[in-house]
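S.K.: Work the whole structure out from these sequences, hints included.
There are 2 protein chains.
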Amino acid sequence: MQGPVRSPSVIKSSLIEPDGGVVVDLVVPESERGAKTVEAESMPKVRLTKIDVEWVHVICEGWASPLKGFMREEEYLQSLHFSSLRTKDGSFVNMSLPIVLAIDDATKESIGSSSNVGLVGPDGDLIAILRSIEIYKHNKEERIARTWGTTAPGLPYVEEVIASAGNWLIGGDLEVLKPIKYNDGLDHYRLSPKQLRKEFDKRKADAVFAFQLRNPVHNGHALLMNDTRRRLLEMGFKNPILLLHPLGGFTKADDVPLDVRMEQHSKVLEDGVLDPETTIVSIFPSPMHYAGPTEVQWHAKARINAGANFYIVGRDPAGMGHPTEKRDLYDPDHGKKVLSMAPGLEKLNILPFRVAAYDTVAKKMAFFDPSRAKDFLFISGTKMRTYARTGENPPDGFMCPGGWKVLVKYYESLQAEDATKQAAAVSS
Amino acid sequence: MQGPVRSPSVIKSSLIEPDGGVVVDLVVPESERGAKTVEAESMPKVRLTKIDVEWVHVICEGWASPLKGFMREEEYLQSLHFSSLRTKDGSFVNMSLPIVLAIDDATKESIGSSSNVGLVGPDGDLIAILRSIEIYKHNKEERIARTWGTTAPGLPYVEEVIASAGNWLIGGDLEVLKPIKYNDGLDHYRLSPKQLRKEFDKRKADAVFAFQLRNPVHNGHALLMNDTRRRLLEMGFKNPILLLHPLGGFTKADDVPLDVRMEQHSKVLEDGVLDPETTIVSIFPSPMHYAGPTEVQWHAKARINAGANFYIVGRDPAGMGHPTEKRDLYDPDHGKKVLSMAPGLEKLNILPFRVAAYDTVAKKMAFFDPSRAKDFLFISGTKMRTYARTGENPPDGFMCPGGWKVLVKYYESLQAEDATKQAAAVSS
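Chains A and B supply the protein sequences, listed in that same order. Our numbering applies: residue 2 is where the first sequence begins, and numbers increase by one. Our numbering applies: residue 2 is where the second sequence begins, and numbers increase by one.
Each hint should be verified, as a subset may be incorrect.
No copy is singled out in the list; a pair is fine if it fits within one copy or between any two copies.
[As the list claims (entries may be wrong)] Simulated crosslink set (EDC-like; lysine to aspartate or glutamate; CA at most 16 Å straight-line):
1. K182 <-> D260
2. K141 <-> D329
3. K37 <-> E200
4. K69 <-> D26
5. K138 <-> D334
Derived by calculation from the structure, the hints in this document are not laboratory data.
M.R.: Pasting the structure below:
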């Protein structure tokens with residue numbers, strides 16, 4: 002059945018440019034900053050939350066490249082339904098999390114028919130311009146269901162961000178007026194994809210393997226990372242470099258805060274558990290969704306943009322307990338399975354790992370051996386926190402002593418804080 | 002950064018064969034039927050529901066081609082996350098609905114380590130073999146959230162099928178022992194994709210445009226279909242053929258039943274509202290999910306497999322009201338947008354349409370003209386049912402008289418049934 006060419010009345014979505022390996026950089030050159038700021042001042046304003054600013058940071062440095070701003074509806078729908086965006090050359094880039102900016106009715110009203118808006122940070126400073134905007138409905142229920150695979154109450158990102166967000170989303174092209182800084186003493190750790198690529202080149206890396214984490218590094222993690230390096234050397238690479246890449250944006254309240262984690266990671270390198278010569282520690286500025294198989298794609302994709310070509314994936318990546326049922330929210334194996342199937346991640350080499358646990362015979366963290374299961378102790382995050390809180394030491398060889406001290410100090414400070422609060426409550 | 006080739010330890014999912022335009026046919030040849038039936042009798046059995054049998058029908062005729070059976074976990078996860086399956090040649094085929102078979106704990110137990118099972122219909126007859134099976138967890142909450150974008154109670158397919166289904170899914174390759182028949186007097190309408198393609202060839206169609214529906218045909222629908230034909234002729238096609246393709250599987254309780262719809266459709270052709278010379282009426286055997294933008298992809302994809310190359314899409318395809326809130330479950334425009342973006346549907350020509358409504362001045366169904374909105378009357382399904390139930394006639398020109406009579410008769414029979422039930426309730 003052959004026929005005339007497609008009629009112009011047929012819809013095909015307008016498409017974004019393919020990535021082509023070029024990382025976008027949406028920070029305006031210093032020479033244009035003054036003029037753009039004056040221009041932005043005359044536009045209607047959208048006030049950003051702290052987490053919105055984290056996303057501005059993520060987008061402007063190219064972690065989400067080829068995305069050039071907050072998603073318009075067409076990108077949002079593709080992300081929700083297909084976890085990927087089609088580019089102009091017909092290929093797909095992975096884009097599993099909707100990267101969107103919500104506004105309320107009053108803000109929508111104030112924007113009127115303007116096509117550009119100024120984005121204002123939580124402290125009132127002009128941060129960026131969003132151009133050629135599009136405003137569309139924010140169906141929170143659908144966004145939550147399709148992103149998390151549940152609508153149960155108690156999802157940290159939903160409670161922190163989405164529940165109180167407005168009923169509209171505003172998409173457009175981002176121009177950031179100056180680099181995003183946090184002035185928390187950790188900005189030197191926040192290398193952009195461009196800076197990381199330069200660093201890998203400087204170190205003459207012929208393979209870069211990325212490790213995403215949002216927890217303190219224990220010796221089980223170190224085992225995975227060192228074993229990966231060994232495997233890459235066996236595969237013939239001469240200089241594999243580890244990108245130890247803790248997540249620096251929003252995390253849930255009971256996760257260890259970023260500054261404590263960074264101090265702990267420093268000790269792990271100082272104590273020689275990881276080799277500083279072949280390790281780069283840097284902060285990934287993204288907020289955490291705890292969206293399991295959907296989110297692990299984002300974690301991997303962003304690291305490809307930064308130049309990584311191997312990605313370590315363990316049990317239940319980006320997962321958590323179900324907020325209302327006594328089970329994992331996601332099947333612990335789905336993360337690596339979905340990652341291996343994901344459109345746009347074909348070039349990534351995924352390195353799955355066996356579970357590491359504490360071997361009570363060898364007295365160290367080791368790969369779990371099911372044939373002598375009873376010798377192994379699984380030390381969960383909860384268990385680790387209990388050790389640190391009660392001042393009890395974890396088994397020898399669980400974590401390097403320097404790193405462990407950082408955690409003990411943190412949990413002691415938390416307890417002191419709690420005690421002060423309780424005393425205040427009693428005396429009032 | 003260049004390196005050695007990918008290590009064998011790297012996961013990449015095993016992939017299905019690309020479609021290549023060949024429709025699968027999974028009904029065993031008559032010559033092998035006896036031997037296969039004997040073989041099946043010795044296997045552990047899985048009992049099917051009526052709706053499971055509808056899916057066996059769908060799969061075995063190739064509507065879901067290249068799928069060759071109920072989904073294994075790898076296909077299920079790709080469907081849930083990406084609405085598409087990656088094939089061996091790297092291309093994507095659309096597969097937006099999970100086509101799965103649920104079993105309960107006892108059935109899983111009874112299957113043990115067998116690699117093949119016999120599928121038994123609701124009446125106890127052996128229907129098919131499922132080979133090289135894989136059993137995996139049925140996380141209903143996640144399936145529902147990702148398919149419907151909501152977990153609100155009251156979704157018809159969820160209540161009918163998923164709520165009572167077992168906690169396991171069983172995938173495998175299907176061999177159907179004999180063609181699925183319903184013996185309801187409508188089997189002659191149930192043409193397979195192969196039979197439809199033959200019919201299009203016989204009629205020397207140079208374009209086939211498909212119209213999915215699950216409701217009676219009113220003159221607004223007819224306007225869409227006739228106008229499409231006109232447009233295709235204008236585009237240079239010589240013999241566009243309409244596939245009027247009512248859905249024949251599960252529908253919700255307040256939809257008009259299939260036999261009534263088929264009688265109504267016949268009258269529409271008899272009354273000359275549609276031209277029998279250029280129209281093929283056939284039944285699409287799929288059950289209905291009412292999953293909006295996710296389901297419309299399935300509706301389109303299945304028709305491509307049957308040889309259609311144009312697909313008419315209107316407002317809110319496969320949508321319904323939100324089950325617990327006073328709004329549409331889906332944004333009425335998302336269906337056609339998502340369809341235009343969907344991986345694996347690139348070859349499909351999508352024909353979007355303006356809304357048709359009753360023009361009270363011209364006294365006929367016409368394309369809605371916003372410049373004289375007050376002249377138009379929107380006759381919803383609910384409104385139409387109220388007319389039919391109360392014996393009131395709809396406005397002249399809403400539906401051909403023959404078709405309307407069929408509906409009136411149906412609603413009268415419903416009322417008579419209700420009255421009998423009420424009388425019985427009172428006297429008991």
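S.K.: Would you list, in rising numerical order, the hints stated earlier that this structure does not obey?
M.R.: Checked against the structure, the only hint that fails is number 3, while the rest are satisfied.
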